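J.: So you can see what is in the structure, the chains are spelled out below.
Number of protein chains: 2
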Amino acid sequence: MGVNMLRVRTLVRLTLLAAAFFLTALPALSKDALPSWNEGPAKQAVLKFVEEATKKGGPSFVPPEDRIAVFDNDGTLWAERPLPVQAYFAFAQVKELAPQHPDWKTKKPFKFVLDGDAKALEAMPEGEVAALMAATHAGMTEEAFEQEVQAFLSAWKHPVYKVGCGGLVYKPMVELLDHLRANGFKLFICTGGGIEFVRQVAPKIYGIPPEQVIGSSLKYQYQEGAGGGSIVRQPAMNLVTDGPGKPVGIQLHIGRRPLLSAGNSDGDLQMLEFTSGRKGPTLEILVHHDDAQREFTYDKGAEKAFSEAANSGWTVVDIKRDWKTIFAADQK
Amino acid sequence: MGVNMLRVRTLVRLTLLAAAFFLTALPALSKDALPSWNEGPAKQAVLKFVEEATKKGGPSFVPPEDRIAVFDNDGTLWAERPLPVQAYFAFAQVKELAPQHPDWKTKKPFKFVLDGDAKALEAMPEGEVAALMAATHAGMTEEAFEQEVQAFLSAWKHPVYKVGCGGLVYKPMVELLDHLRANGFKLFICTGGGIEFVRQVAPKIYGIPPEQVIGSSLKYQYQEGAGGGSIVRQPAMNLVTDGPGKPVGIQLHIGRRPLLSAGNSDGDLQMLEFTSGRKGPTLEILVHHDDAQREFTYDKGAEKAFSEAANSGWTVVDIKRDWKTIFAADQK
Numbered sequence: 041m042g043v044n045m046l047r048v049r050t051l052v053r054l055t056l057l058a059a060a061f062f063l064t065a066l067p068a069l070s071k072d073a074l075p076s077w078n079e080g081p082a083k084q085a086v087l088k089f090v091e092e093a094t095k096k097g098g099p100s101f102v103p104p105e106d107r108i109a110v111f112d113n114d115g116t117l118w119a120e121r122p123l124p125v126q127a128y129f130a131f132a133q134v135k136e137l138a139p140q141h142p143d144w145k146t147k148k149p150f151k152f153v154l155d156g157d158a159k160a161l162e163a164m165p166e167g168e169v170a171a172l173m174a175a176t177h178a179g180m181t182e183e184a185f186e187q188e189v190q191a192f193l194s195a196w197k198h199p200v201y202k203v204g205c206g207g208l209v210y211k212p213m214v215e216l217l218d219h220l221r222a223n224g225f226k227l228f229i230c231t232g233g234g235i236e237f238v239r240q241v242a243p244k245i246y247g248i249p250p251e252q253v254i255g256s257s258l259k260y261q262y263q264e265g266a267g268g269g270s271i272v273r274q275p276a277m278n279l280v281t282d283g284p285g286k287p288v289g290i291q292l293h294i295g296r297r298p299l300l301s302a303g304n305s306d307g308d309l310q311m312l313e314f315t316s317g318r319k320g321p322t323l324e325i326l327v328h329h330d331d332a333q334r335e336f337t338y339d340k341g342a343e344k345a346f347s348e349a350a351n352s353g354w355t356v357v358d359i360k361r362d363w364k365t366i367f368a369a370d371q372k
Numbered sequence: 041m042g043v044n045m046l047r048v049r050t051l052v053r054l055t056l057l058a059a060a061f062f063l064t065a066l067p068a069l070s071k072d073a074l075p076s077w078n079e080g081p082a083k084q085a086v087l088k089f090v091e092e093a094t095k096k097g098g099p100s101f102v103p104p105e106d107r108i109a110v111f112d113n114d115g116t117l118w119a120e121r122p123l124p125v126q127a128y129f130a131f132a133q134v135k136e137l138a139p140q141h142p143d144w145k146t147k148k149p150f151k152f153v154l155d156g157d158a159k160a161l162e163a164m165p166e167g168e169v170a171a172l173m174a175a176t177h178a179g180m181t182e183e184a185f186e187q188e189v190q191a192f193l194s195a196w197k198h199p200v201y202k203v204g205c206g207g208l209v210y211k212p213m214v215e216l217l218d219h220l221r222a223n224g225f226k227l228f229i230c231t232g233g234g235i236e237f238v239r240q241v242a243p244k245i246y247g248i249p250p251e252q253v254i255g256s257s258l259k260y261q262y263q264e265g266a267g268g269g270s271i272v273r274q275p276a277m278n279l280v281t282d283g284p285g286k287p288v289g290i291q292l293h294i295g296r297r298p299l300l301s302a303g304n305s306d307g308d309l310q311m312l313e314f315t316s317g318r319k320g321p322t323l324e325i326l327v328h329h330d331d332a333q334r335e336f337t338y339d340k341g342a343e344k345a346f347s348e349a350a351n352s353g354w355t356v357v358d359i360k361r362d363w364k365t366i367f368a369a370d371q372k
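Heads up: the protein sequence lines correspond to chains A and B, in order.
Under our numbering, residues 41 to 372 are what the first sequence spells out, in order.
Under our numbering, residues 41 to 372 are what the second sequence spells out, in order.
This list has only true hints and no planted wrong ones.
Which copy is meant is left open, because identical chains are indistinguishable; a pair holds if it fits in one copy or across any two.
Distance condition first, Cα-Cα at most 30 angstroms in a straight line; then the derived DSS-like pairs of lysine-lysine:
{"no.": "1", "residue 1": "K151", "residue 2": "K340"}
{"no.": "2", "residue 1": "K211", "residue 2": "K226"}
{"no.": "3", "residue 1": "K319", "residue 2": "K259"}
{"no.": "4", "residue 1": "K244", "residue 2": "K319"}
{"no.": "5", "residue 1": "K95", "residue 2": "K226"}
{"no.": "6", "residue 1": "K259", "residue 2": "K226"}
{"no.": "7", "residue 1": "K159", "residue 2": "K145"}
{"no.": "8", "residue 1": "K96", "residue 2": "K244"}
{"no.": "9", "residue 1": "K319", "residue 2": "K226"}
Keep in mind the hints are simulated off the structure, nothing from the lab.
Quick caveat, the model's predicted, so the values are computed rather than measured.
Construct the complete structure from the given sequences, taking the supplied hints into account.
T.: Structure follows, in structure tokens:
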């Protein structure tokens with residue numbers, strides 16, 4: 041072999057080695073994974089947890105198949121005030137269907153909607169929300185329902201922010217979803233809202249596919265017919281994934297305790313507790329709406345969750361302190 | 041730049057080009073994806089469907105997020121004769137619990153189990169199977185149930201083949217699962233059997249994670265308590281994913297029609313129909329148990345499915361004709 045050939049081979053090897061080095065070193069050279077988070081205990085807790093769970097051979101290593109992360113939606117991944125997006129959809133449906141239901145003029149909760157009684161609507165107990173859902177979201181095929189949701193969302197604007205539903209998404213949480221995904225986590229939503237409603241937006245705004253959305257559901261009936269039959273939505277609840285219904289939904293859809301879960305209210309308390317019962321490391325995140333200037337301030341309906349968070353050392357995210365930016369478009 | 045340096049650079053480029061070429065060409069050089077399948081219409085239909093669904097720019101291209109494939113389990117992915125594996129588990133549970141239930145000695149279907157009445161057990165209607173499941177699989181936490189399943193399966197042997205449950209898996213179907221996975225399909229099981237029972241085996245024998253198993257379920261209740269609370273299994277059915285219950289389960293867990301589904305009986309008919317209703321290309325597969333020598337022969341309870349397959353051009357897999365090998369270990 042001539043000297044030139046030897047040199048060439050050495051250079052080829054060095055080039056390949058250099059390429060391998062740069063490819064391997066890329067993650068280490070990458071920028072801040074959570075740029076919309078201020079430095080502080082919440083950001084640190086999240087980054088440290090992910091680092092330890094993915095550190096091969098480390099004492100807290102979790103194999104990829106067990107890296108299950110579950111997020112509440114309303115108030116955790118996107119804004120829920122003055123009312124959750126789906127409530128506006130249900131109201132639009134009530135108004136559309138009202139001529140066929142003259143009794144709604146005097147019947148709660150339909151009356152509140154038709155009267156535009158915002159206070160009564162905001163204070164509506166869960167049972168009435170379910171009644172509203174059952175009455176307005178049922179009696180049609182899945183495909184027809186999905187079309188109605190899409191038609192509604194393409195025109196809807198938030199009453200305060202004047203943006204579409206994509207504009208309500210919390211930028212820091214999308215960064216967290218991306219960071220978890222990049223580290224081999226499989227992401228699920230467990231919403232108290234309607235499963236099929238959230239499935240219509242989750243792929244686009246969170247990159248979460250429909251099969252990784254858990255939520256409240258109506259009873260379904262399969263109706264045979266030409267063209268492959270249809271799923272027809274029945275006017276009765278199948279499962280309400282709020283409070284103790286969240287671990288039930290997680291068991292049914294995922295089949296084991298999550299490694300990480302995040303919520304913002306007492307409706308998420310049992311999900312966070314259920315997560316904490318997993319053998320090995322876990323992370324429980326509670327978003328605290330304490331920023332009246334940039335978002336909304338409210339603690340009502342989250343008292344038990346914050347008390348449990350303090351007792352159990354869960355990670356509280358104070359929006360005011362921990363989030364540099366709140367919305368992707370920073371519309372407020 | 042000297043001539044040597046130029047040569048070196050050219051060689052480095054050529055080396056990298058060659059490496060890129062070999063990496064790109066690898067799939068084309070790969071071996072038969074379905075080696076346990078005989079050449080014939082079934083194998084051809086499957087390979088052609090996958091090729092067309094994944095051909096970018098082709099008329100039948102399906103984006104990866106819609107490549108959903110759903111498989112029945114008993115009789116489709118593993119042998120179900122003389123009885124499905126879970127039936128043997130339920131029988132073992134009945135025998136274990138019998139001393140606490142003296143009435144079972146005279147009460148159907150428990151009486152059949154305690155008497156060892158194989159004929160009555162094989163002819164058991166669905167409602168009695170559900171009663172058996174509810175009585176023997178309930179009243180305990182999820183974790184306790186999973187331990188019982190694991191303990192049972194670690195000792196159980198098939199009465200004819202004398203193998204554990206892993207030995208019942210159809211090798212050609214595992215090759216199909218692998219081929220679909222390699223082509224970006226997301227695989228689900230939709231079993232008429234118990235969701236938590238099949239979740240205990242699916243990751244190991246099919247490489248399908250628990251959250252991609254749909255099946256019949258009991259009602260769950262979340263019970264608060266120290267250590268993160270528990271899911272307690274209630275003695276009542278939540279959903280029976282058989283017949284029209286299969287599209288219902290698919291809608292609930294996946295949220296859209298599959299691109300491909302496979303079954304072997306009338307219990308899979310509605311799932312296959314539901315699949316065929318998807319806009320764009322679909323593949324419906326029906327496994328035909330016609331090989332008395334190497335497996336079992338039975339058409340009973342699959343008459344409607346085979347009639348519909350003939351009418352609709354579904355892909356029928358005749359075990360005798362289409363499968364070179366049936367079991368991984370070829371135990372018979």
